[in-house]
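Colleague: Listed below, chain by chain, are the residues.
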Amino acid sequence: MPLRKMTHGSSCLQNRSNCSQIRYPINRLIIEEGIRNDPVVIKILKALPGLSPEYIKNEEIDFSCLNHDTLALCRNKGRFLKPCPGTKEYLCCLYQFLNIGLNCPIDCTYCILQVYLNTNALVVYVNYDDLLSELGSEIMKNPSIIRIGTGELTDSLALDPLTGISLVLIDFFSRQRQAYLELKTKSDHIGDIIDLDHQGQTIMSWSLNPQNVICNEEGLAASLNDRIKAARRCQERGYKTGFHFDPILLYKEWEADYESVIETLFRNVDFRFITWISMGCFRFIPELKPVIQKRFPKSLIVYEEFIPGLDKKMRYPQPVRINIYSKMALWIRKRWPDAFIYLCMESPEVWKASIGYAPDDNLTLKSWLDERCRIR
Amino acid sequence: MLHFEDISAIECMNLSEIDLSDRCFCFRFFSEPPHIFIDSVKRFGILYPPVVRAKGDSYQIVDGFRRIEAANVCGIDTIHCRRCKGSLTDADLFFPALSIFLSSGQPHIADQAAILYRASKLLANDIIIDVILPILGYPSSPKVLARLLPLAEMDKELGSALIGEKINHDMALSLMELDPQERKQLVSLFLYYNYSQSKQREIFEHLKDICKKENRSLKDVLPELGWEGDMEDISSYETPLNLRLKKENENRLFRHSGEGWNPGFSNETPMNLRFTKGDENAQKGFSGENKVASGEAFRQRLKERRFPTLTGLENEWKKRIKSLRLPPSISLKPPPYFEGGKYRLSLSFKDIKGFREEMAKLDALEKDDAWIKLFTK
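For the protein sequence lines, the chains are A and B, in the order given.
Quick note: the first sequence, position 54, residue 54 per our numbering, numbers continuous.
In our numbering, each residue carries its 1-based index in the second sequence increased by 376.
Keep in mind that the hints are not guaranteed to be accurate.
Unchecked claim - 25 Å max Cα-Cα, derived SDA-like pairs, lysine to any residue:
| # | chain 1 | residue 1 | chain 2 | residue 2 |
| --- | --- | --- | --- | --- |
| 1 | B | LYS519 | A | THR119 |
| 2 | B | LYS718 | A | ASP360 |
| 3 | A | LYS313 | B | ARG681 |
| 4 | B | LYS519 | A | LEU66 |
| 5 | A | LYS313 | B | GLU581 |
| 6 | B | LYS694 | A | GLU349 |
| 7 | A | LYS294 | B | LEU549 |
| 8 | A | LYS352 | B | PRO710 |
| 9 | A | LYS312 | B | THR687 |
| 10 | B | LYS497 | B | MET552 |
| 11 | B | LYS575 | B | LEU678 |
| 12 | A | LYS313 | A | ASN120 |
| 13 | A | LYS252 | A | ASP107 |
| 14 | A | LYS289 | B | LEU549 |
| 15 | A | LYS88 | B | LEU721 |
| 16 | A | LYS313 | B | ARG682 |
| 17 | A | LYS289 | A | ASN212 |
| 18 | B | LYS749 | A | VAL320 |
| 19 | A | LYS252 | B | ARG682 |
| 20 | A | LYS77 | A | GLU134 |
| 21 | B | LYS588 | A | PRO297 |
| 22 | A | LYS252 | B | ASP585 |
| 23 | A | LYS88 | A | GLU138 |
| 24 | B | LYS694 | A | ASN323 |
| 25 | A | LYS289 | B | LEU678 |
| 26 | A | LYS289 | A | VAL320 |
| 27 | A | LYS252 | B | LYS588 |
| 28 | B | LYS588 | A | PRO286 |
| 29 | A | LYS312 | B | TYR713 |
| 30 | B | LYS519 | A | SER64 |
| 31 | A | LYS294 | B | GLU558 |
| 32 | A | LYS298 | B | GLU581 |
| 33 | B | LYS588 | A | VAL320 |
| 34 | A | LYS289 | B | LEU594 |
Claimed, not checked - Covered by chain B, per the in silico footprint, the following chain A stretches (three or more residues, Cβ under 8 Å):
| # | segment |
| --- | --- |
| 35 | 302 to 310 |
| 36 | 318 to 326 |
Worth flagging that the hints you see were computed from the coordinates, not collected in a lab.
The structure presented is a predicted model; accordingly, all values stated were derived computationally and were not measured.
The beta-carbon is built from N, C-alpha and C at its ideal position, and this holds for glycine as well.
Let's have the full structure, built from the sequences with the hints guiding it.
Modeller: Now the structure itself:
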């Protein structure tokens with residue numbers, strides 16, 4: 001299936017580093033009335049010369065009516081930092097999410113954000129000072145290592161050429177010792193951050209899938225090769241890297257395809273600079289199925305065998321997941337015998353049956369990941 | 377607006393002068409007169425005069441389609457009608473015609489769809505939403521219209537099943553997405569096994585998912601699951617509507633002619649209903665011996681196809697439990713969907729003595745290898 005093309009006549013974000021041909025369609029720009037002179041807003045406006053901004057009072061913006069091609073710039077009046085919601089039924093690594101905005105321009109078929117948020121628009125929070133101030137005080141309060149990621153409600157780097165938020169964050173974290181930033185992405189927008197003095201406090205992570213899955217399910221994401229090339233460049237500049245096989249999708253040729261991704265990955269990156277590899281099979285809340293069916297009628301991902309998990313999300317049956325993780329772990333360990341692999345939102349039973357070990361609880365899993373961050 | 381004085385006294389008209397093809401005010405989903413109706417007209421004539429009006433060289437029917445149709449079937453040349461005077465447009469006449477139609481009672485949902493369909497040919501959309509929908513007892517909403525209007529396009533099998541309350545409105549709309557042959561096959565399956573509405577939904581969703589996943593049509597998948605039935609004549613099935621008509625016909629024929637039942641609604645096997653070879657359950661069900669079991673067997677085959685891993689685990693579990701020969705007072709259930717979680721053990725006993733006996737049985741079980749094996753994957 002060909003990649004979806006940008007809507008005719010729309011403005012676009014183009015990676016200034018020129019390592020990607022990805023363009024995201026943005027046809028409407030809404031700006032909260034009180035921030036028209038904010039330097040971040042001014043910077044974004046300069047990057048989108050073809051669009052006439054609409055200035056609207058914050059309380060008058062009806063986010064629920066906005067479309068996918070709308071970029072809304074506003075202040076976040078709530079908290080930026082939130083713990084991963086996790087679930088008590090499965091093991092969670094106690095990650096912290098830093099919400100820099102809402103929604104993702106990549107628009108993957110399986111994306112939970114389609115039903116999780118009350119808006120389809122791309123929302124960017126521009127009050128970076130408030131964000132940094134909250135971050136600083138939370139890190140101060142926290143006695144142990146804290147791992148923070150920006151990739152829950154958006155892709156960490158997709159809008160970076162426009163917003164530049166990752167530059168600000170990498171710089172901030174370079175001055176921390178107990179806090180680590182993970183930038184998780186399906187893009188290859190590393191041009192602006194590659195040369196930063198990160199002090200080893202930032203882990204650059206990529207979500208990986210076979211190229212045909214990328215073409216069919218991952219909208220405007222970078223190709224597998226571009227993601228791996230970007231990861232290699234980051235490793236060359238001393239960044240730690242992480243790789244997330246999440247979501248792993250089951251289909252007829254999944255074994256050959258995923259093994260080939262692992263082969264390509266280890267042929268191109270140095271495993272000594274990989275902090276972690278995580279795995280998680282495709283899971284979704286039941287409400288997502290009709291949305292995928294309607295928005296992406298060609299996608300077949302929801303027609304595999306799913307059962308309701310303990311967290312009420314639809315999951316592949318346990319033996320299927322164990323089989324997938326076991327094989328993936330085998331392929332990874334063939335190339336990196338001491339690979340640090342963890343599973344995202346799985347039971348200890350599945351951990352043990354597939355990768356041979358399991359943390360006793362969430363805190364143990366957290367300590368394992370914290371320890372991986374410390375390794376230089 | 378049409379007033380009472382605009383309608384003539386009863387006049388005698390030649391049937392040939394009436395345009396039977398003009399369905400402008402035909403508000404019934406099934407406009408053909410049923411047998412009992414034809415029989416009544418044959419015996420007593422038309423008791424309540426239809427309403428027509430002059431249009432071009434002929435008369436247009438405003439009310440009484442089935443009566444006039446029945447008279448036509450019976451070969452009657454002249455009928456008594458009332459005639460609208462004046463020169464009203466079809467749109468002007470729509471509301472009076474609808475009013476006359478509704479005076480005979482609340483229309484069924486399929487007839488409501490037919491009314492909306494006719495309205496859509498004459499009236500603006502906002503009039504339909506703001507005026508007609510409330511007349512029919514619905515809120516003024518485009519969404520309501522969008523849910524009702526497609527029903528006017530139902531084929532007769534589906535319409536009959538909906539009117540017979542064998543399928544519900546949502547299922548009718550879902551079935552409208554299918555191609556006509558597939559729809560017939562599925563309606564016949566639902567009616568034959570008399571599946572409840574929730575089971576129909578489950579079957580529909582599973583079949584749809586299988587077809588999508590395997591990129592195959594329902595026509596191909598259904599026979600593989602043991603169902604090849606389709607229906608050319610819904611009257612072979614015992615929908616409430618057909619049962620009522622059958623009973624009325626039976627009474628009438630026995631009462632008036634003294635003849636036996638003419639098997640228009642036969643209990644015999646419909647000629648066009650087939651089962652896949654080797655599907656003994658289905659064949660049994662077909663002969664009426666074990667219809668419920670046969671219907672459940674179909675669902676099980678469907679479940680095995682849609683959820684092969686889960687049904688494999690369930691079958692394996694059943695096998696293990698069977699080999700344990702648990703006493704009837706003890707039952708053990710696996711975690712839901714075998715997704716981690718906990719097993720559920722239940723004991724039944726009458727008193728403390730019974731409880732002690734059950735506990736002793738459990739103690740014995742705990743040493744049984746088959747019991748231990750049950751919890752090892």
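Colleague: Could you run down the list of hints and mark each one as holding or not?
Modeller: Do the hints match the structure? See the list:
no. : hint                : result
1   : B/LYS519 / A/THR119 : 22 Å, holds
2   : B/LYS718 / A/ASP360 : 18 Å, holds
3   : A/LYS313 / B/ARG681 : 22 Å, holds
4   : B/LYS519 / A/LEU66  : 21 Å, holds
5   : A/LYS313 / B/GLU581 : 18 Å, holds
6   : B/LYS694 / A/GLU349 : 22 Å, holds
7   : A/LYS294 / B/LEU549 : 16 Å, holds
8   : A/LYS352 / B/PRO710 : 20 Å, holds
9   : A/LYS312 / B/THR687 : 19 Å, holds
10  : B/LYS497 / B/MET552 : 21 Å, holds
11  : B/LYS575 / B/LEU678 : 12 Å, holds
12  : A/LYS313 / A/ASN120 : 22 Å, holds
13  : A/LYS252 / A/ASP107 : 24 Å, holds
14  : A/LYS289 / B/LEU549 : 19 Å, holds
15  : A/LYS88 / B/LEU721  : 23 Å, holds
16  : A/LYS313 / B/ARG682 : 18 Å, holds
17  : A/LYS289 / A/ASN212 : 21 Å, holds
18  : B/LYS749 / A/VAL320 : 21 Å, holds
19  : A/LYS252 / B/ARG682 : 15 Å, holds
20  : A/LYS77 / A/GLU134  : 12 Å, holds
21  : B/LYS588 / A/PRO297 : 10 Å, holds
22  : A/LYS252 / B/ASP585 : 16 Å, holds
23  : A/LYS88 / A/GLU138  : 24 Å, holds
24  : B/LYS694 / A/ASN323 : 23 Å, holds
25  : A/LYS289 / B/LEU678 : 20 Å, holds
26  : A/LYS289 / A/VAL320 : 20 Å, holds
27  : A/LYS252 / B/LYS588 : 14 Å, holds
28  : B/LYS588 / A/PRO286 : 18 Å, holds
29  : A/LYS312 / B/TYR713 : 11 Å, holds
30  : B/LYS519 / A/SER64  : 19 Å, holds
31  : A/LYS294 / B/GLU558 : 22 Å, holds
32  : A/LYS298 / B/GLU581 : 17 Å, holds
33  : B/LYS588 / A/VAL320 : 20 Å, holds
34  : A/LYS289 / B/LEU594 : 21 Å, holds
35  : 302 to 310          : holds (count 8)
36  : 318 to 326          : holds (count 3)
Violated hints are absent here; each numbered hint is respected by the structure.
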